[in-house]
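Produce the complete structure using the sequences and hints provided.
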Amino acid sequence: METKPRWLTVLDVLTAIFFVVAVFLVFVFAPMERTMGLVQKVFYFHVATAWVGMLGFMVAAVAGILYLIKGDRQYDTLGLAAVEISLVFFFVAIIMGSVWARPIWNTWWTWDPRLTTATIVELIYAAYIMLRQGIEDPDRRARFGAVYAILGFLSVPLTFISIRLLRTIHPVVIGSGDPSAEGAFNMSPRMKVAFFYSLFTFSVVFVDLLLHRLRMGKLAARVEELRLKVSA
Amino acid sequence: MNELTSPTAERASATGSAGAFWRAMWAVVWKDLSAEWRSRELLTGMLVFAVLVILIFNFALELDAKARASVTSGVLWVTFAFAGTLGLNRSMASEKDRGCLDGLLLAPVDRSAIYFGKAIGNLIFMLVVEMVVLPLYSVLYNTNLFHPGLLLVVLMGSIGYVAVGTLLSTMAVQARTRDILLPILLFPLVVPVMIAAVKASGGFLQGVPWEELKVWINLLLVYDVIFVAIAFMFFDYVVEE
Amino acid sequence: MMLQQTTPDTFNYFVVGYTVFFLVMTVYLVSLVVRYRNLKKELELLEELENEG
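Chains as they are written, first to last, in this note's numbering: chain F, 1 to 232; chain U, 1001 to 1241; chain G, 2001 to 2053.
Source of the hints: derived by calculation from the structure; they are not laboratory data. Incorrect hints may have been included.
According to the in silico footprint, chain F covers these stretches of chain G (three or more CB under 8 Å from chain F) [as the list claims (entries may be wrong)]:
| hint | region |
| --- | --- |
| 1 | 2013-2020 |
| 2 | 2038-2052 |
Just some of the chain F residues that point at chain U, by a computed CB distance under 7 Å [to be verified]:
| hint | residue |
| --- | --- |
| 3 | 66 |
| 4 | 68 |
| 5 | 124 |
| 6 | 127 |
| 7 | 134 |
| 8 | 135 |
| 9 | 147 |
| 10 | 151 |
| 11 | 155 |
| 12 | 159 |
| 13 | 192 |
| 14 | 193 |
Glycine included, every Cβ here is placed at the ideal spot set by N, Cα and C.
In structure tokens form, the structure reads like this:
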């Protein structure tokens, strides 16, 4: 933990390269969509950031289950790291979606299922962080965090279904649902390349960030331990 | 998932049969009810609060006949949710402050019996409040809210709300920020209950046919089953010392 | 509705969308670095304290 391992530096460089290529693909390589104009390009990173958000939520729930079974504090560090990264990425995804919606749906905000569910997930993350901040004892904090991450993860599908039953205008680009949804479009081959490559790149970005955040989490755990020892 | 339930299962086998479980559970329920019968502080608080919420809604929304038809179910469920949070917080906080929680945990009973005891107690308090609010609302606004379908929705919605709420309030009272923590933890998780309950209640009051409301009732049922089971499985971990 | 195929000029929204993206990501990365450094400093301080006592 003292020094950064070499393979992590290698991963950092790789991630940076992947990312630059993704930016090139989205900005230059992918064609401009004709009915929406340039703003359609927001879509690539919007979906990719949202994907990372969901990925992190899933990792946090799995880490929660593993912590409760094994009681190893490392899983708690992993859960917190995943939630924090997802909090940031989901926030970006929501804002980017909102920016896209303004010219296309003519409004910054609609109570569409995905948008609303994403916001509720964001609130669950925030509640998770607040819960942890209110508890001093590290073991109890880890247990409560794990339980809350699992509960949150299980409630999200039901939340999504219940809001969806209310009505939607969100375009379903992959696995097409309602073709009348405004802002839906068919992806050309080049768009598909940019889209799937962005998803791939952001998965790598997620792993890389997670590893760094984990290192920080371990350091924080050691500081906390020492602080208790010194003050005792 | 077997590993997760094993501590509960071990304790159950150590303390005996299903009979012991039921006795322990009803003992907890009985303890809460008799304590409340003596002090009446929890129910009084919830009821006064609920009436105040309805009063504020009355002025805030100008609840005339036309507006009422569409917003009644929303007003009712917001009132139940707020009063419910108040009750959940109070019920667990008094447990914690008087050291009852620690005492209960030391007792050689299955911990999930404690969970179900607390949850049933909370459910009874919530239902009492609802059974006072419904006629009161009916009288105040000259409508009849006693529709069997609505009563079913009230029961199912309250079960889901209390199942999650009891678990989360047990966590919240052990945190430094406990007074503000419970609603923040609880509300994002009970969104499905609130949506389904508001839609189904509104549907019953407006005479929407059962076929169209079935989907909301099913959603409530699924939520109740999932979260009662989950809370049962995880309660052990939030009271462990 | 007539099928008019003039592409709307949504360049500004494109810029705003990606500005938000890069801004938030930069802030998060900087916060990671700063927090890591502060923890490191605190750890050194605590280790010193422990060795003294």
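So, going through the hints one by one against the coordinates:
Check result for the region 2013-2020 of chain G against chain F: holds, 6 residues qualifying (beta carbon to beta carbon below 8 Å, three or more required). Restraint check on the region 2038-2052 of chain G versus chain F: 8 residues with Cβ-Cβ distances below 8 Å, three needed, restraint holds. With a cut of 7 Å, the hint placing residue 66(F) at the interface with chain U is violated, because the nearest CB-to-CB distance is about 10 Å. Hint status for residue 68(F): holds, given a least beta-carbon distance of 6 Å to chain U, under 7 Å.
Here the hint on residue 124(F) is kept, as its CB sits about 5 Å from the closest CB of chain U, short of 7 Å. Given hint, residue 127(F) at the interface with chain U, holds; its Cβ is 5 Å from that chain's nearest Cβ, closer than 7 Å. About 3 Å separates the beta-carbon of residue 134(F) from the nearest beta-carbon of chain U, less than 7 Å, and the hint is met. Among the interface hints, the one on residue 135(F) holds; its C-beta lies about 5 Å from the nearest C-beta in chain U, closer than the 7 Å criterion.
At a threshold of 7 Å, the smallest CB-CB gap from residue 147(F) to chain U is about 5 Å, leaving the interface hint in force. The interface hint given for residue 151(F) holds, since its Cβ lies 6 Å from the closest Cβ of chain U, which is under the 7 Å cut-off. Interface hint status for residue 155(F): upheld, as the beta-carbon distance to the closest one in chain U is roughly 5 Å, under 7 Å. Here the hint on residue 159(F) is kept, as its CB sits about 5 Å from the closest CB of chain U, short of 7 Å.
At its closest, the beta carbon of residue 192(F) sits 34 Å from a beta carbon of chain U; the interface hint therefore is violated under the 7 Å criterion. The closest approach between the C-beta of residue 193(F) and any C-beta of chain U is roughly 37 Å, which is over the 7 Å cut-off, so the hint fails.
Going through the hint list in order, the structure does not satisfy hints 3, 13 and 14.
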